[in-house]
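Enquirer: Protein chains in written order, with this note's numbering: chain A, 1 to 240; chain B, 1001 to 1317.
Note that these hints are calculated values from the structure, not bench results.
In this text, a Cβ means the ideal position worked out from N, Cα and C, and glycines have one as well.
Incorrect hints may have been included.
Just a few of them, taken from the derived set where beta-carbon distance is under 8 Å, the chain A residues facing chain B [claimed, not checked]:
#, residue
1, G54
2, R64
3, G66
4, D69
5, V70
6, Y72
7, L73
8, Q76
9, K176
This is what each chain is made of:
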Amino acid sequence: MDLASSLLVGLVELAEVWVLFQNVPRLGGVEFTQILLVFGLADFCFSMADLLFGHCDNLTTFVRAGTLDVFYLRPQPLLLQLITSDISLRRLARGAVGLGALVVGLVLNPIEWDLGAVVLLGLAVVSGLTVFSAQFVTAAGLQFFLINGSEMTNAFVYGGRYAASQPASVWSRPLKVAFGFFFPMAFVAYLPVIELLGLPGPQWLPSWFGWCAPLAALWACALAALSWRQGVRHYQGGGG
Amino acid sequence: MTTIIETRGLSREFRVRDGLGRRVVTAVDRLDIRVAAGEAVGYIGANGAGKSTTIKMLVGILVPTAGEVLTCGREPVRERRSLARDVGVVFGQRSQLWWDLPVCDSFRLLAAIHGLDADQERRRTGELIERMEMEEFLAFPVRQLSLGQRMRAEVAAALLHSPRLVILDEPTIGLDVLSKQRLREFLIAERAEHGTTLLLTTHDMGDVERLCDRVLVVDRGRLAYDGSLAGLSGTVGARRELIVDLAEPTPDLRSVADTEHLVSEGGGLRQRLAFDAERTTAARVLAAVSEQVEVVDLSVTEPNIEDVVRRIYAAQR
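Chain A extracted, bound-state conformation (with noise of 0.2 Å):
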């Protein structure tokens, strides 16, 4: 059921994608086909990101029962704990239908392929899960602050994960800053498209940056570092 809703969920937001290309035919440089790639990237590399770090959206619950003071007796790392804590199977079908999205995009987008463009896409989608993975933990780290602050950080986790999933040569320039550096949404699907396709990049964001995919990979560890770090130092225990 869990599986069918999810999966359900996913096509919708996909539908929501082509709902929009059916009026218009390109949007930001970019058409419905080459946005599929975009997506289908974006989504699963979130839905893989979520499958292995999602329950880090569950540490308010450990806090409040307590369950995170006992994590902290044990001989392990506290992040391995909650990330392992359970593992839901459903977030496998949001995984399909990104992939599902992705394939169709590779298929129907001329592509050449060449190394290059084997290697590119192969950065992507590493890079990509490390960015989201790295966003579940950088929102972990604050839930430590905001005990009651989930909300927010949902925010900034799956609206990043929306957008991912958009062409961002159609945000203003505060956006581009948001998302196209300091959450480096860009990054993950749209860059490395537009360099994949051979296409122009808009202004800040050149298409040559989608190779610099890792190094944004790198910056979102080292913000969720830092949030985790200072979230686990900051913890007030959960009374009692």
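The hints should help you fit chain B onto chain A, whose structure is shown.
Expert: Same frame as chain A, but now just chain B:
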């Protein structure tokens, strides 16, 4: 002798919201404690005195605001993971078992988390199951256990990796007399055999009397007393009381050995006698009373920790 716990000027403050502003609350205030290997220490104090905060700093959950702490020779926050192998903790109000898993599976998971090899695991689990009589409920999921059974499983889980230091935070809270007794006996045997150091917080004077050879009393984050339980009773008179209902109105029972007559009610039908548990026993007092008059009913009250702490505090001023 090896030092297991050492704190110097250990303090922890919490910022709490107070209306619009913020207020700083000092939970632990410049605490200096030294516990040697093999000791059994009762750490007592009223609610909110800073007991749990101290424990959380000892095991690396909380970062101290000031001061130093060394547990098993390690800095708890920085070396949390290696420290976790040397310390076993039971929080009476928290479970470290898996709610939906059978007890034996919880033990197997914990053994894997602590990296015990198959041989160690078998030996230690077998020993704990036998000592705590857990055979009957091993296959039940944790959620179906009674409180007494669950506490036994919790203590076993905390001791599975044979830690050098065992910290018990209210281990007997809510337990019936029999379960308390069984748990205490187990802890005594465990100490005798492995030389485990024990730090125990409790509201139950019985726990302290039967398990601990040293008592630390903390009040408002500060150490108010450090010494033996006998000394504690001596300084503040933590006495037990025997309340007897007599068959007929009797003059005040002032001649019973080692007791002090406190009060008589109902024209002498009910009388309260205070006695020091170090010098006599409830049974002996009762026998002495029965020689003089027929006893219909009786009850014994334990000295209450809050009372003891209050009296220590009053005595210091």
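Enquirer: Against each hint, give a clear statement of whether it holds in the structure.
Expert: Do the hints match the structure? See the list:
Here the hint on A:G54 is broken, as its CB sits about 20 Å from the closest CB of chain B, past 8 Å. Hint status for A:R64: violated, given a least beta-carbon distance of 12 Å to chain B, over 8 Å. Here the hint on A:G66 is kept, as its CB sits about 4 Å from the closest CB of chain B, short of 8 Å. Below 8 Å, beta-carbon pairs count as interface contacts, and A:D69 has one with chain B at about 6 Å; its hint therefore holds.
The beta carbon of A:V70 comes within 4 Å of a beta carbon in chain B, closer than 8 Å, and the hint placing it at the interface holds. Here the hint on A:Y72 is kept, as its CB sits about 4 Å from the closest CB of chain B, short of 8 Å. Restraint check, A:L73 versus chain B: the minimum CB separation of about 5 Å is within 8 Å; hint holds. Interface restraint check: A:Q76 against chain B, minimum CB-CB distance 6 Å, threshold 8 Å, status holds.
Of the supplied interface hints, the one on A:K176 is violated, with its beta-carbon coming no nearer than about 37 Å to a beta-carbon of chain B, more than 8 Å.
Of the hints listed earlier, those the structure fails to meet are numbers 1, 2, 9, in rising order.
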